[in-house]
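Asker: The chain contents come next:
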Amino acid sequence: MKTSGKSSMLKRVGSRSAYGKRKAGFPGNRRLATTVLLVLTVCFLAAVTIMGYFWQEEAVRTDFSRKNLPPCVLYPFGTDWMGRDMFMRTITGLSFSIRIGLLTAAVSAGIAFFSGLAAVVMGKLVNDLVLLFIDVVMGIPHMLLLILISFACGRGFWGVVAGIAFTHWASLARLIRGEVLQLKQSQYVKIAERLGKSRRYIAFCHLAPNLISQFVTGLILLFPHAILHEASITFLGFGLSPEKPAIGIILAESMKYLAMGKWWIALFPGLFLVVVVLLFHYAGQSVCRLIDPGSVHE
Amino acid sequence: MKERNKTASFAIWAGGQAARMVLLLLLVSMVSFVLLSVSPLDPLQTNVGQAALGSMSPEQIERLRTYWGVDVPPVRRYTLWLIDLLKGDMGVSLLYRRPVTEVIAGKLSNSLGLLLTAWFFSGLAGFFLGILAGKRRGGLADRLITGYSLIAASTPAFWAAMMLLMVFSVYLKWFPIGLSVPIGASVGEVTLFDRIHHAVLPAVALSLTGISSIALHTREKMIEIMESDYVLFSRARGEGEMEIVLRHGLRNILLPAMTLQFSSASEIIGGSVLVEQVFSYPGLGQAAVTAGLGGDAPLLLGITMITALIVFAGNLTANVLYGWIDPRIREGALRR
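From first to last, the protein sequence lines stand for chains A and B.
Note that our numbering numbers the first sequence so that position 86 is 86, with each residue one more than the last.
Note that our numbering numbers the second sequence so that position 331 is 1331, with each residue one more than the last.
Keep in mind that the hints are not guaranteed to be accurate.
Simulated restraints on C-beta separations [to be verified]:
id	chain 1	residue 1	chain 2	residue 2	range
1	B	1220	A	256	39 to 49 angstroms
2	B	1095	A	291	49 to 59 angstroms
3	B	1195	A	290	43 to 53 angstroms
4	B	1025	A	158	20 to 30 angstroms
None of these hints come from the bench; they were simulated from the model.
Where is the CB? At the ideal position from N, CA and C, for every residue including glycine.
Work the whole structure out from these sequences, hints included.
Answerer: And the structure:
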């Protein structure tokens, strides 16, 4: 765009405000659309989780009469070398990943919430300790810390859970600490201090309620990360035994068949994993947009 | 005089940052040591196996126990390890049966080219894509780039690597399936071309997934700038779009983008653990997995220290770079 001069500026400014007006012209529509899509997304994810939970038995059923089938109508994701239905295995694996993701994200967000709050409320020593700990956790590469913690727990299911729960809190804790620092400067907190309210009272009655929206958005945005890391750590072979239908294990197994041209074993489970993570991401962003008071009129 | 004061204060500030880094490294070593020593995994069981243990004489088992250091109390082990570390000795890798420093040096030299290439290209591409997207919010380029970034951020690096492997190595046969050198070739026969040929796909897999965070951040910053008053004013003065981006956009974005890129070392290393596993690339990441699965505590500890050192060095560079270019940061830090 090489047009210059006043008229072009006016045009631009004009077009910008027109854009703004167009957005404001349909009050509620964007919110409504977001809400509908959000509900659909959540329903889909819940369906995957629940279906996978009930298919656990079915997913490991071997049937050598149908082994190594490429995708067809009956088996949309094909079957593997033991004749297991890859569609069922994928769904069960994802269901498992989602459940671990929910659990670990909740624990992580809880740690972040309390450490962020404690850092501000409980004095300088705690503050320094929390900051130092955040730096240490963020200093070790994520995957390596996961390996270390899973090693410390003797691998297995709880190693994976502890690993993901204890590696994801750091950045959220930093965010919440910043938020608390700001809140602490506000008038009503200062007045409460003057009135002689205890630090605990202020922390839980004045500060914590104001952190809820931060906490919820942080928590939801942790899900996709937790799921991705669960897939990664099980892929590397830490954690679960090979017959468990975790998505990482399915993909690790499919590695062996890559060179043999059985593309479906690797393609579909991975693609489905990406879709689920994307949907979680989308759901998180929608919730953030819906909670954020600034976008009420969009 | 004033100039010298500034340099001195900057030196003090940078020194403080470096001291903090050493402290953090010490803490990292403690945390990892604690994690490694609370592990209930018996190194003998994992590596020798129950059956083999059962057929051994007690003396043999005793010798193995001392080799794997089962009976030494943890605190004593830590102090011994720390003293050795200061002498430049990180112990002996239990699986490779060579000094840890030697193993790490070998693996790191394999990985370093991969890491640096991926780091550089993902940074560069992410930066330009971010500018392109942020230049016109809601435009076609913006939607495409944001969409790609979101998908890339949701794709596990190992799966992206597997897909690349499947398409380019198995079907098209353009690239080798794994390892860092041709199979069966002696060291003398391996050419630089061979090495690059083997490293292309892992590097691409790492870069593709690494682009998203820098692209999204740059985009956000760019949108902010394009909506600022000074851009509006320069439009009013009749500056062209290209000029605005180069003059007002680039200058304001470069610094935060560089900072972000320097502090992203952790993610690239994390990704390399996965990607190297897929390509059986004998680098640091694969060594970490082997050590973790095999219970090789000294090696795992050494790798943690080295990677933490790289991450902290990246963060330090970012901070110093920022402080050096933007005086507000270091003065703010001094006042506090």
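Asker: Taking the CB of residue 1195 of chain B and the CB of residue 290 of chain A, does the distance hold inside 43 to 53 angstroms?
Answerer: Once the Cβ atoms are compared, 52 angstroms apart, the range 43 to 53 angstroms for residue 290 of chain A and residue 1195 of chain B holds.
Asker: State, for the Cβ atoms of residue 1220 of chain B and residue 256 of chain A, whether the hinted interval 39 to 49 angstroms holds or is violated.
Answerer: holds (42 angstroms)
Asker: For the range 49 to 59 angstroms, tell me whether the beta carbons of residue 1095 of chain B and residue 291 of chain A fit it or not.
Answerer: Given range 49 to 59 angstroms: holds, Cβ gap about 50 angstroms.
Asker: Go ahead and decide if the range 20 to 30 angstroms is satisfied by the Cβ distance of residue 1025 of chain B to residue 158 of chain A.
Answerer: Between residue 1025 of chain B and residue 158 of chain A, where Cβ atoms are some 29 angstroms apart, the hint holds.
The structure fails none of the hints (numbered hints given earlier).
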